[in-house]
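Participant: Letter by letter, the chains look like this.
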Amino acid sequence: MKSSLEKSRRRRTAGTYVFFIIGSIIMIFPFVWMFLTSFKSVEESMLIPPTILPQEWQGKNYSDAMASLPFLALYKNTILMIVWRVVCAVVFSSMAGYAFAKLNFKGKGVLFSLVLIQMMLPSQIFITPQYQMLAKLGLTNTVFALVFPGIVSAFGTFFLRQAYMGIPNEIAEAAYLDGCTQWQTFYKVMAPLTKASMAALAVFTAVFAYGDLMWPLIVNTDLNMMTLSSGLATLRGQFSTNFPVMMAGSLLAMIPMVVLYLFFQKQFIEGVAMTGGK
Amino acid sequence: MASVQLKNVCKKYPNGYEAVKDFNLDIEDKEFIIFVGPSGCGKSTTLRMVAGLEDISSGELIIDGKVVNDVEPKDRDIAMVFQSYALYPHMTVYDNMAFSLKLKKTPKAEIDKAVREAARILDLEALLDRKPRALSGGQRQRVAMGRAIVRNPKVFLMDEPLSNLDAKLRGQMRVEISKLHQRLGSTIIYVTHDQTEAMTLGTRIVVMKDGIVQQIDTPENLYNHPCNKFVAGFIGSPQMNMITADAVAEGDDVVLKFAGQSITLDETRAKVLKDGGYVGKQVTMGIRPEDIHQDEAALKKFEKAQFTAEVRVYEMLGSTALVYFDMEDAGWVASVDAGLKVSAGDTVKLAMDASKIHIFDHQTEKTIIN
Chain R
9 MKSSLEKSRR RRTAGTYVFF IIGSIIMIFP FVWMFLTSFK SVEESMLIPP
59 TILPQEWQGK NYSDAMASLP FLALYKNTIL MIVWRVVCAV VFSSMAGYAF
109 AKLNFKGKGV LFSLVLIQMM LPSQIFITPQ YQMLAKLGLT NTVFALVFPG
159 IVSAFGTFFL RQAYMGIPNE IAEAAYLDGC TQWQTFYKVM APLTKASMAA
209 LAVFTAVFAY GDLMWPLIVN TDLNMMTLSS GLATLRGQFS TNFPVMMAGS
259 LLAMIPMVVL YLFFQKQFIE GVAMTGGK
Chain B
9 MASVQLKNVC KKYPNGYEAV KDFNLDIEDK EFIIFVGPSG CGKSTTLRMV
59 AGLEDISSGE LIIDGKVVND VEPKDRDIAM VFQSYALYPH MTVYDNMAFS
109 LKLKKTPKAE IDKAVREAAR ILDLEALLDR KPRALSGGQR QRVAMGRAIV
159 RNPKVFLMDE PLSNLDAKLR GQMRVEISKL HQRLGSTIIY VTHDQTEAMT
209 LGTRIVVMKD GIVQQIDTPE NLYNHPCNKF VAGFIGSPQM NMITADAVAE
259 GDDVVLKFAG QSITLDETRA KVLKDGGYVG KQVTMGIRPE DIHQDEAALK
309 KFEKAQFTAE VRVYEMLGST ALVYFDMEDA GWVASVDAGL KVSAGDTVKL
359 AMDASKIHIF DHQTEKTIIN
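These protein sequences, in sequence, are chains R and B.
Quick note: the first sequence uses our numbering, first residue 9, plus one each step.
Quick note: the second sequence uses our numbering, first residue 9, plus one each step.
The following block holds chain B by itself, in its conformation from the complex:
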């Protein structure tokens, strides 16, 4: 396995479009790195540059200490799992998995051993003589993984490998990939737009937008300490509720006023806003759905952060329920205890956990405090 470094990597197309701008990342050996972001953010392009399927316009790609910008894909010692699996339809599962080793002129006995070992790991032994068309989506996905495993590459690249599967199978395969990473101890770069995959699989996540890296951090830090409004909104499902608020000084307190509501901030947040000169200005306030509470204890505890809302939609999810309501033009959602029985049109009293409020600069959208 190997380390990978991307230094000031850029991708500019002949028409002038810059798909990736100044990408910097150090991936350590055995790391599971996730590239996540909305469509067109440059995550797949970056992965394809690592694979060698796209030229790097500027910057350096280093695998295991060696600059590989001009090294052919086959000589980079990487293996890639594609979104569509890209299995060879005219070959059996065995031949699909053995193909790269055959090209390397590996002895037959070694090929057989490697293929059967990968098939055993992925539970594909009974399917080795089948053609891809005779396999289910999950089985094809496993063959694609097997094809990568037999090469024993330094780095695994995975481009949205689960996005063609149904929700249940995706959940199962997510666990399988996680197990595989632990078993093989491999370096994996994984592209997805599914943040559940990103949060559950990654040791670190790279959040991208418009070709620019927004934040590189662990899943926990990305969730709890997003560096800007985009990351805060992108990570988390349902996503963080946000609204523009006026930061107003009331005595020693700092109050956020929005949509006819007032929330008194805790001391820490009030101090940061005062020190940063944000009092008297507009800021963006954010709060995660699970940090909005409805129970009596919470209403009492966060008395100064109470507000009322008219329920638009109520969704019962089992152990929790989602309450949708409007906050001026913004649609908000609160994840509350399923015991709360409300219907559309009801007015409910809710309270925010004041210590979990995120505040962003209204102009730069960067985090002021979270």
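Just chain R, same shape as in the assembly:
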């Protein structure tokens, strides 16, 4: 009896492992393919049937990629955009979320509905008015232009409101009785309690900002003011594309996110788990 149970348990475990191994291979394959292609020649990259390993490892693709794009400027612009968007999203969403969750004021319901409506609309419909605002202010081709749509975040407001809702009112009341002002209650007591949610929001904002292509491409046309994603897009030619160089550029562009992940691995995983984004 015991051995048959044991066998069945082992079969189930093996099945689970096989399922996850196949899943992992599917997930990691594009990345491995990108890595291998970045070392192939242009001809080899388009061979049918394709080769798996490069016949000759071409490190030149990386120097070509670095020569075709101002990588330092792209890194700088991308990092500045990510940092400012994260700071703005976390600070403003935290304040708005706290107000919606814990303060009573007239029109709260209507204002929160506006936030929800904004979340329901596709972000593309905001692009034209936002671009026009920046263009008329003469602020295109600036870092501010890259940050602009991320200054306030409807998702962040909603997300942190939920986090504040989860904190018992008694904690705020205790702070109030202890002598805190409304502002002190927020930043000394309540905000630190949403640290995990703030970290999750920061991670998501950073990932979204890093991958954002359309807005940086529209608002900053000067190559030196582009982000990594929009800069890489310029490597795609009208009639042909040098895939190995593009892959090399893409791998170089991944460096900031890999570094960010290595530093904030715990927050990344917690954030994904918390938002149910997995």
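No wet-lab data here; the hints were simulated from the structure.
Keep in mind the model is a prediction, meaning the values are calculated, not measured.
Treat the hints with caution; some may be incorrect.
[To be verified] Facing chain R, a subset of chain B residues (Cβ under 7 Å, in silico):
{"id": "1", "residue": "90"}
{"id": "2", "residue": "96"}
{"id": "3", "residue": "338"}
[Stated by the list, open to error] Cβ-Cβ distance ranges computed for the label pairs, FRET-style:
{"id": "4", "chain 1": "B", "residue 1": "23", "chain 2": "R", "residue 2": "115", "range": "35 to 45 Å"}
{"id": "5", "chain 1": "R", "residue 1": "118", "chain 2": "B", "residue 2": "21", "range": "17 to 27 Å"}
{"id": "6", "chain 1": "R", "residue 1": "95", "chain 2": "B", "residue 2": "83", "range": "55 to 65 Å"}
{"id": "7", "chain 1": "B", "residue 1": "142", "chain 2": "R", "residue 2": "272", "range": "55 to 65 Å"}
{"id": "8", "chain 1": "B", "residue 1": "246", "chain 2": "R", "residue 2": "272", "range": "27 to 37 Å"}
{"id": "9", "chain 1": "R", "residue 1": "159", "chain 2": "B", "residue 2": "111", "range": "24 to 34 Å"}
For each residue, glycine too, the CB sits at the ideal point set by N, CA and C.
Position chain B relative to chain R; hints supplied.
Facilitator: The following block gives chain B in isolation, referenced to the frame of chain R:
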């Protein structure tokens, strides 16, 4: 420490609901006042009005001779212990206790002295570096008390501070709070729905129902001389047995007839019923479980207040036993000597201590005599 007065205090919400109606109470310095009542009776709302967490709709709240209706909570010189303790999860025990003094910009040395003194009183010295999540329920409760103590407030407010603890710990903490009150000589307003806490801790108890104060008195008086049927039923565990009875004159005696039983009242009670014009009318009779006896001596002594009952449940508690039986539709219980061995279904003869019978007006539910 300080005195507190509530004068005609009312709480009415914008939707028209009146949570507290015309609350009047004078709390003297060093008193331990208990607000007790069923859920939704307005006891916590009243406490929150004293704390300043709820606005007072009308009436006056006076602390130490000063009207504080419009004074900010932090300036009322009060400290509150919440049911959930409301400790700051991101701060250590030390920081939780020191927080209010830090906000007041008290010198560090003074803060340290106050925190360590409170920690010593509450036996928290070894836990000062821990975060609340690393503490047990009882320890958290003590930290919440410590946070209140370091402020050295005029009035302590406690909102069901023991209700999240298990029965054993609650008993221990009850003793600790009592000791603390004696040691600090503080004025305490304590909200609970647990009448054991109310009876053991309070110098006076305020019994509330539907936002209205029913009775304010010492625990002994509330138990022995409840002012109405609600207080009589609410105070005491197991609660007072009650039944509707007909008050009938039989010669010079007054007899209460109920559920096929007859009890002859003592002279005092008979006179009050006669004088009050209750003879020939319905009244509500009440008797506490411990005033129903089964032993031979009692049966003889209270011969005229004997009745029979069919045992529904028998609960042995050690020194005493509870005998549950039905009196018409009402479930009654008698607390008898554990020597009585009966089983469910047995018929037993019991007797009430006639001098302990409570009689209430059937219409107004107010006490006629007890």
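Participant: Decide, hint by hint, whether the structure agrees.
Facilitator: How the hints compare with the structure:
| no. | hint | verdict |
| --- | --- | --- |
| 1 | 90 | 5 Å, holds |
| 2 | 96 | 6 Å, holds |
| 3 | 338 | 40 Å, violated |
| 4 | 23(B) x 115(R): 35 to 45 Å | 19 Å, violated |
| 5 | 118(R) x 21(B): 17 to 27 Å | 22 Å, holds |
| 6 | 95(R) x 83(B): 55 to 65 Å | 36 Å, violated |
| 7 | 142(B) x 272(R): 55 to 65 Å | 25 Å, violated |
| 8 | 246(B) x 272(R): 27 to 37 Å | 60 Å, violated |
| 9 | 159(R) x 111(B): 24 to 34 Å | 32 Å, holds |
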